Amino acid sequence: MSEEQTGMFGATGTGDTSGYGGLVRTAASTGSTERPYGGYFDDVADDLERAYPDFADAITRVVVDRGELTLHVKKSRLPEVAYVLRDKLKFEMCMGVSGVHYPERTGAELVALYPLLSMTKNQRIRLEVATSDLDPHIPSVVEIWAGNNWHERETFDMFGIIFDGHPGLTRILMPDDWDGHPQRKDYPLGGISVEYKGATTPAPSNRRSYQ
Amino acid sequence: MTTTFDPYASSRETTEGTVFSVTGGDWDSLVSEIGESKEERIIVNMGPQHPSTHGVLRLVLELEGETVTEVRTGIGYLHTGIEKNIEFRNWTQAVTFATRMDYLSPIFNETAYCLAVEKLLGITNDVPERASVIRVLMMELNRISSHMVALGTGALELGAMGPMFFAFRDREIVLDTFEEITGLRMNMAYVRPGGVSQDLPAGMNVKLREVVKSLRENFNDNAKLLIGNTIWMKRTEGIGYLDLAGCTTLGITGPVLRSAGLPWDLRKMQPYCGYENYEFDVITADTADVYGRFLVRMAELEQSLRIIEQAIDKLDKLEGQPVMVADKKIAWPAQLALGADGLGNSLDHIREIMGSSMESLIHHFKLVTEGFRVPAGQVYAAVESPRGELAAHVVSDGGTRPYRVHFREPSFNNLQSTSAMSEGGMVADIIGAVASIDPVMGGVDR
Numbered sequence: 001m002s003e004e005q006t007g008m009f010g011a012t013g014t015g016d017t018s019g020y021g022g023l024v025r026t027a028a029s030t031g032s033t034e035r036p037y038g039g040y041f042d043d044v045a046d047d048l049e050r051a052y053p054d055f056a057d058a059i060t061r062v063v064v065d066r067g068e069l070t071l072h073v074k075k076s077r078l079p080e081v082a083y084v085l086r087d088k089l090k091f092e093m094c095m096g097v098s099g100v101h102y103p104e105r106t107g108a109e110l111v112a113l114y115p116l117l118s119m120t121k122n123q124r125i126r127l128e129v130a131t132s133d134l135d136p137h138i139p140s141v142v143e144i145w146a147g148n149n150w151h152e153r154e155t156f157d158m159f160g161i162i163f164d165g166h167p168g169l170t171r172i173l174m175p176d177d178w179d180g181h182p183q184r185k186d187y188p189l190g191g192i193s194v195e196y197k198g199a200t201t202p203a204p205s206n207r208r209s210y211q
Numbered sequence: 001m002t003t004t005f006d007p008y009a010s011s012r013e014t015t016e017g018t019v020f021s022v023t024g025g026d027w028d029s030l031v032s033e034i035g036e037s038k039e040e041r042i043i044v045n046m047g048p049q050h051p052s053t054h055g056v057l058r059l060v061l062e063l064e065g066e067t068v069t070e071v072r073t074g075i076g077y078l079h080t081g082i083e084k085n086i087e088f089r090n091w092t093q094a095v096t097f098a099t100r101m102d103y104l105s106p107i108f109n110e111t112a113y114c115l116a117v118e119k120l121l122g123i124t125n126d127v128p129e130r131a132s133v134i135r136v137l138m139m140e141l142n143r144i145s146s147h148m149v150a151l152g153t154g155a156l157e158l159g160a161m162g163p164m165f166f167a168f169r170d171r172e173i174v175l176d177t178f179e180e181i182t183g184l185r186m187n188m189a190y191v192r193p194g195g196v197s198q199d200l201p202a203g204m205n206v207k208l209r210e211v212v213k214s215l216r217e218n219f220n221d222n223a224k225l226l227i228g229n230t231i232w233m234k235r236t237e238g239i240g241y242l243d244l245a246g247c248t249t250l251g252i253t254g255p256v257l258r259s260a261g262l263p264w265d266l267r268k269m270q271p272y273c274g275y276e277n278y279e280f281d282v283i284t285a286d287t288a289d290v291y292g293r294f295l296v297r298m299a300e301l302e303q304s305l306r307i308i309e310q311a312i313d314k315l316d317k318l319e320g321q322p323v324m325v326a327d328k329k330i331a332w333p334a335q336l337a338l339g340a341d342g343l344g345n346s347l348d349h350i351r352e353i354m355g356s357s358m359e360s361l362i363h364h365f366k367l368v369t370e371g372f373r374v375p376a377g378q379v380y381a382a383v384e385s386p387r388g389e390l391a392a393h394v395v396s397d398g399g400t401r402p403y404r405v406h407f408r409e410p411s412f413n414n415l416q417s418t419s420a421m422s423e424g425g426m427v428a429d430i431i432g433a434v435a436s437i438d439p440v441m442g443g444v445d446r
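Protein sequence lines correspond, in order, to chains R and P. Just so you know, we're using our numbering here: the first sequence kicks off at 1 and counts up by one. Just so you know, we're using our numbering here: the second sequence kicks off at 1 and counts up by one.
Hint data in this document are derived by calculation from the structure and do not stem from the laboratory. Certain hints may be false.
Here are the simulated lysine to any residue pairs, SDA-like style, with alpha carbons at most 25 Å apart [unchecked claim]:
#	chain 1	residue 1	chain 2	residue 2
1	P	Lys268	R	Met119
2	R	Lys88	P	Glu423
3	R	Lys74	P	Arg267
4	P	Lys268	R	Asn122
5	R	Lys121	P	Pro271
6	P	Lys268	R	Tyr52
7	P	Lys268	R	Glu92
8	R	Lys121	P	Tyr272
9	R	Lys88	P	Ile173
10	R	Lys121	P	Thr284
11	R	Lys185	P	Gly399
12	R	Lys88	P	Asp243
13	R	Lys90	P	Arg267
14	R	Lys185	P	Asp243
15	R	Lys121	P	Glu276
16	P	Lys329	R	Arg66
17	R	Lys90	P	Leu262
18	R	Lys121	P	Glu70
19	R	Lys90	P	Gln270
20	R	Lys75	P	Thr249
21	R	Lys185	P	Gln93
22	R	Lys74	P	Leu266
23	P	Lys268	R	Lys185
24	R	Lys88	P	Met269
25	R	Lys121	R	Ala146
Since the model is a prediction, treat every value here as computed from it, not as a measurement.
Build out the structure end to end from the sequences listed, making use of the hints.
So this is what it looks like as structure tokens:
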């Protein structure tokens, strides 16, 4: 899934010498889940289709995995879908936004995930929005869920996703003058080399380890 | 090198480079400056080092006389990159990092993360019942110790010294219990993917019952001191008001939400770890202020004790059952034992892998160094921490390490409400409002 990795001492690939670990890695599926989704997920999808006529255009994938429903939303349609979900489907709480960086997914490297909670109906769903590294813009949902203010600032800080329409998109955890976005996969752990009396210590990501 | 003179940061040259001595502002010059202007607007930096801000929290206050017109919150002083670090460790080692986020509720951090990993592995239903009961027991004990800090420091910050002594006395009882069970008082990395790291020591059930008994008696001390106390109520009633609409739009959960009257508790609404098998009440208040949050926390202590008692009863019945999943490719092979000098490797286990079984040694080595693989995908698992919804969003790429772990920290989210609670009020009431949110900066900044 991730690109070639190198280190100081080796253990490239799996580092497996016994065959014990099993060499098969399963990759996440890239298709939509077939109906029926099970549980309340069918109702959520039906209600959203009824309340939002552009459903087929805005929602690119519907994935049900491990008992969780994920709606993949086109980024330009995110605010529309969010308004419908909040006002019509009673997803009154957005529990924040979490970023993920997939460097090998060309054109959709940066992903933002919004876990939604409906306290009225006791349901949870998740929105997934992808954007390109070259154009890291996603519309902000702070207008819809004010509590996402700090969460979007954090995701901007850590991944460099620019949330258009955010009232004050500045760094929140890292210092204001920091270079780079630490949670991206191309940003090394311990990005600042540690020097002690002339001896340098490699970043932890460059030390001996098993992948 | 030319430097301009800075009255607050004088500098001197040394062989190591320029050394700055940063000092506070000169109060006299500040006062004389304000005395000349008619305007009463003043901007004050409160923190990041301030005894009443619950850790390294910086508040930028805009004051009009004693009235707060604007509060801006500065965080990030305790950012440790835990989420990034976790991506470079295997799935089990990540627990050691997660437990250090919100240092007042380590068991909740561990449990949220482990529930997510178990969901990814698809072994949620394979976790032994005894392990789930122990998790519940530890979580509720932890809720008590965490609420004790919230109550004790909150009261101390508002000028009441006595409650802090009582609260920390009771917290000490809980931490001693933790030490007896896990070997550590805090950050114990006790909950592991698949179960817990080791069973309770022999005879623990009897001790736990004594702990419950003494805690229940002790809680009366603070209740007698504070509930209905005129001074305490004057400092807390009607302060830090945030109603249900405000809570919902800001994503607030936990005691702050329940003080606004909504009985939303994940233990009841979306049970995990078998919480549906325990009898307890969800406590609410209808005042949506600091006093309401205080009452909610006080009453939740008793509910936690009720859950602990039921957990001990269940443990009596589950004596001798496993505390880790049966799948040997996931269960941590290292066996721990509590010795005279604390928690360490079990000598029996070392004897077996070093002396008698080559296969055991290989198994141990592979699982401890390389770790197990988790099928690709992503999950979101939430628990009701003492501060609200604590959730782990965990992504796997199918490897032996997490691809991405994000924690939805209730402290981080709830701290946003400081402005809404404090603006328009008096400067002294900010302290009460922040204390009632009960933010832990380790969790806020991660």
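Checked hints:
no., hint, verdict
1, P:Lys268 x R:Met119, "12 Å, holds"
2, R:Lys88 x P:Glu423, "32 Å, violated"
3, R:Lys74 x P:Arg267, "34 Å, violated"
4, P:Lys268 x R:Asn122, "11 Å, holds"
5, R:Lys121 x P:Pro271, "15 Å, holds"
6, P:Lys268 x R:Tyr52, "32 Å, violated"
7, P:Lys268 x R:Glu92, "19 Å, holds"
8, R:Lys121 x P:Tyr272, "18 Å, holds"
9, R:Lys88 x P:Ile173, "49 Å, violated"
10, R:Lys121 x P:Thr284, "20 Å, holds"
11, R:Lys185 x P:Gly399, "15 Å, holds"
12, R:Lys88 x P:Asp243, "22 Å, holds"
13, R:Lys90 x P:Arg267, "21 Å, holds"
14, R:Lys185 x P:Asp243, "41 Å, violated"
15, R:Lys121 x P:Glu276, "18 Å, holds"
16, P:Lys329 x R:Arg66, "21 Å, holds"
17, R:Lys90 x P:Leu262, "16 Å, holds"
18, R:Lys121 x P:Glu70, "36 Å, violated"
19, R:Lys90 x P:Gln270, "17 Å, holds"
20, R:Lys75 x P:Thr249, "22 Å, holds"
21, R:Lys185 x P:Gln93, "20 Å, holds"
22, R:Lys74 x P:Leu266, "31 Å, violated"
23, P:Lys268 x R:Lys185, "38 Å, violated"
24, R:Lys88 x P:Met269, "22 Å, holds"
25, R:Lys121 x R:Ala146, "21 Å, holds"
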